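Protein chains in written order, with my numbering: chain C, 1 to 326; chain L, 1001 to 1293; chain R, 2001 to 2249.
Errors might be hidden in some of the hints.
[Stated by the list, open to error] Some chain C residues judged to face chain R by a derived CB distance under 8 Å, without partners named:
#, residue
1, R76
2, L79
3, G208
4, G214
5, M219
6, I221
7, A222
8, F223
9, G224
[Stated by the list, open to error] Interface residues of chain R toward chain C, partial, derived using beta-carbon atoms under 10 Å:
#, residue
10, D2091
11, L2092
12, P2214
Treat the hints as calculated values from the structure; they're not laboratory data.
Source: prediction; values computed, not measured.
Every residue gets a Cβ at the ideal spot worked out from N, C-alpha and C, and that includes glycine.
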Amino acid sequence: MRVWSLLILALLLSILIGAAAGHDWMSASDLLRALAGDTDLRSRLLIDWRLPRVLAAACVGALLGLGGTVFQGVFRNPLAEPYLLGSAGGAALGATVALLVPLAAPQSFVLPVLAFAGAWGATMLVIGISRVAGAVDAAGMLLAGVAVAAVLSALRSFLMLALSDETVSLQIVLSWVLGGVQTPTWPILGLLAAISIACLVLTLLLAGRLDVLGLGETMAIAFGLNVNRFIAFAVLAGSAVVAAAVAFGGLVAFVGLASPHIARWLVGPLHRPLLPASALVGAIVVTLADAIARSALPPAEIPLGLVTAVAGGPFFILLLARRLRT
Amino acid sequence: MIKTAVLVGALVLAAPLRAEPVTVRDAFDRSVTVPEPPQRIVTIFASNTEMVAALGLADRIVGIEAYTRYPPEVLKKPLVGGRLGFSVDEVVAQRPDLVVVTPSRQAANQLVDPMQRLGIPIVVLLQRNVPEILSNIRLLGRLTGVPERGELLASSLQARLDKVDQRVAGRKKPSVIMITGRLGNGLLLVTRPGTYTGDAIVRAGGNLAFNAGTIAQVSPEAVFNADPDLLLFAGNEKDMTELIGRPGWSDMRAVRTKRVHAVNRAELLIPGPRTIDGIERLANIFHPPAATQ
Amino acid sequence: MTGIAANNVTVRRNGATLLDGLSLSLGASGSVAIIGPNGAGKSTLLKVLTGIDKPTAGTVQVGDRDLASLSNAQRASTIGYLPQYFEPHWDLSVAELVRLGADRSDRLAAGAIEAATEKFELTELGRRRWSTLSGGERARVLLATVLVVDPPVLLADEPAASLDIRHRLDVIRALTTRRPDRLSVVVVHDLDLAFTFFERVVVIDRGKVVADGPAKSLIDDRRIDEAFSVRFDRLKTPDGWLLRASTGP
Chain C
1 MRVWSLLILA LLLSILIGAA AGHDWMSASD LLRALAGDTD LRSRLLIDWR
51 LPRVLAAACV GALLGLGGTV FQGVFRNPLA EPYLLGSAGG AALGATVALL
101 VPLAAPQSFV LPVLAFAGAW GATMLVIGIS RVAGAVDAAG MLLAGVAVAA
151 VLSALRSFLM LALSDETVSL QIVLSWVLGG VQTPTWPILG LLAAISIACL
201 VLTLLLAGRL DVLGLGETMA IAFGLNVNRF IAFAVLAGSA VVAAAVAFGG
251 LVAFVGLASP HIARWLVGPL HRPLLPASAL VGAIVVTLAD AIARSALPPA
301 EIPLGLVTAV AGGPFFILLL ARRLRT
Chain L
1001 MIKTAVLVGA LVLAAPLRAE PVTVRDAFDR SVTVPEPPQR IVTIFASNTE
1051 MVAALGLADR IVGIEAYTRY PPEVLKKPLV GGRLGFSVDE VVAQRPDLVV
1101 VTPSRQAANQ LVDPMQRLGI PIVVLLQRNV PEILSNIRLL GRLTGVPERG
1151 ELLASSLQAR LDKVDQRVAG RKKPSVIMIT GRLGNGLLLV TRPGTYTGDA
1201 IVRAGGNLAF NAGTIAQVSP EAVFNADPDL LLFAGNEKDM TELIGRPGWS
1251 DMRAVRTKRV HAVNRAELLI PGPRTIDGIE RLANIFHPPA ATQ
Chain R
2001 MTGIAANNVT VRRNGATLLD GLSLSLGASG SVAIIGPNGA GKSTLLKVLT
2051 GIDKPTAGTV QVGDRDLASL SNAQRASTIG YLPQYFEPHW DLSVAELVRL
2101 GADRSDRLAA GAIEAATEKF ELTELGRRRW STLSGGERAR VLLATVLVVD
2151 PPVLLADEPA ASLDIRHRLD VIRALTTRRP DRLSVVVVHD LDLAFTFFER
2201 VVVIDRGKVV ADGPAKSLID DRRIDEAFSV RFDRLKTPDG WLLRASTGP
């Protein structure tokens, strides 16, 4: 119980820090004045611009935490993460197509749909390749993921090079690739919050079966789990979660990898507590990373994905080293 | 004398005599309205800064970005962005009543939405050819409450363009490749058609040797194959000499006939009033005044 | 009362025949040892009986029903499976593992978790994580996890093969001293244990049953020697049998 109160407290604190952070740091009294309905430009910047972005960053982080936990649970591999298994790259390719290729349907519809299709397709491709290669283990899946991610990123670069007109579309794609939470309008933020809660509920429905799968495929079947069908379904669910995260936050690296690990240290490996804990950790990490992105190098803003990659890369190497040693 | 007259004129025109709102349509087809002539303008990118300064409004500029180098009087203004993007915080901290931006390096993507939401007028300018530069000057003149000044500046620039046009008309157009940058992987950035720089070359009486394709990166091999009459290098002589001293370049026609020229980056790669200077200089390179055809 | 039977079961994988029309009827209760040389098909038989592997041909009968017609939940609560090798992917605690085992049954007897925890002496270990357990402790945790639902049929694949002799004996005792209406089928490596602790012994070779009968009478059957390609000297001891193999003529 203490862990949960601490996590929630930490999230609230990081949201406050996120709201205060910027090139122009707000003091506590500034925050209070803005929240009280002050109409000064700085106060409105805080309420109308910064706060929705901070909350969106928290949602994106929570989605990444959930997605990472589901993928690690499905592949029973603590090194699995959406970014490495190609689903984030697939979502980004889908979004790039939606942004750059003129299509008949409106972009607000096409973008999330193509992002989802890309995420799912890429993940299935990775699983398919490692199956065909007869290497459904951690290393095989990671290698297939790296290969697929490389191909996808090359395709995306080519689309950007060939179809860009140096104007808005390319900029949006770029900000996607480097990762960055866009400030949503309040209704869109409401939608994002609803999606995040739906994703939490959806993944919690998988929790018990993820635990059983964690006993190994043979034991899982003996315990009554239809393993192949469950894996396919869980990958679909995980891809949906990742697609939502990527649609709102672009490619934010390593959060999906790190959050489940930190959460496992805090609440243990059972998925029912792990999923919400990982969502909270992800929310905290992305909120703080976004605060750094906005305030570290004034007047510039560092892309969020770069901040998380710089922080997460060493974390990944540490994990890998620990795993190789055992 | 002239300087004083300009100053007085600028002061008279800048005075908020007419307080009625002005509405324009920008490059994104957005309707931008300023309730009264803006007094605190953030100009993102050198081109927009130079245009506003050329309207005599340099003192109204309250924020620029890190790669602005001209005119000298604005260089001390606060920076609101740079290579890594643009800061909503810093822009708002200047309390601007107009933001001028071009959709490049994330600027429009990062700034249009927040400024709209905070009710700060933001105008987006595109310059895909030389006439658009002139129409941007007129638009900025209207928006900042100095329409006559914008009109005057634009038509004097137009007159100079017409003069160049007359001079180069009917002459044999040399084929031209302009190298605007070199990438670490050996590829070269070249001027494409459909850009103001490409348009400037055509207006100066040249022909783009690469007249199709949308990818700006080409290999040196493609440049060798095109073998243009004239090779332009946007940068200094030293870098140019180093580049054409590399293997393969000496076989090119332009190198053999010594028709390789370093040209001023600021004049040809910043779509502002100085672009017209650049066009005049290019016309002299393509069609030397002394030469007869 | 639930018996289990293989009817004419054939399993082929990648061109190799692992089970070759094998038929075997195992009653609803008692203890059965399955022995045979390496590659005889013992593990495959157990996996087919559990429903982990599907037979290429033939059927598995559980009670009066076809195994394939059971729901996953029915199958999981009727048949317990103890694998040869078990390593959970996540470092769960002892209590969490036993709870996962219990969760697979929807009609768990009241106090079953406590009973299993007590029976396998895990009360002290509840909060310990898998990675910190010794081999013997792990074996007890696995037994508790599988037996917490007290499945009518238990299929065990050479459990504790890697344990020292004392823990091996503990495991074999736990498997052969279940309630009298329960069936335990155990693949056993150690022939002495098979003939000492089990009521019935089934000998498998090359995917077929080559001998089958009560341990007491089967001990003298020479088909055992044929299956293992050795000659056994059978030594009776006060506690059971000792089989000493020699490859000479």
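Hints and how they fare:
no.: 1; hint: R76; result: holds, 4 Å
no.: 2; hint: L79; result: violated, 12 Å
no.: 3; hint: G208; result: holds, 7 Å
no.: 4; hint: G214; result: holds, 5 Å
no.: 5; hint: M219; result: holds, 6 Å
no.: 6; hint: I221; result: holds, 5 Å
no.: 7; hint: A222; result: holds, 4 Å
no.: 8; hint: F223; result: holds, 5 Å
no.: 9; hint: G224; result: holds, 3 Å
no.: 10; hint: D2091; result: holds, 6 Å
no.: 11; hint: L2092; result: holds, 6 Å
no.: 12; hint: P2214; result: violated, 29 Å
Going down the numbered hints, you'll see the structure goes against 2 and 12, while the others check out.
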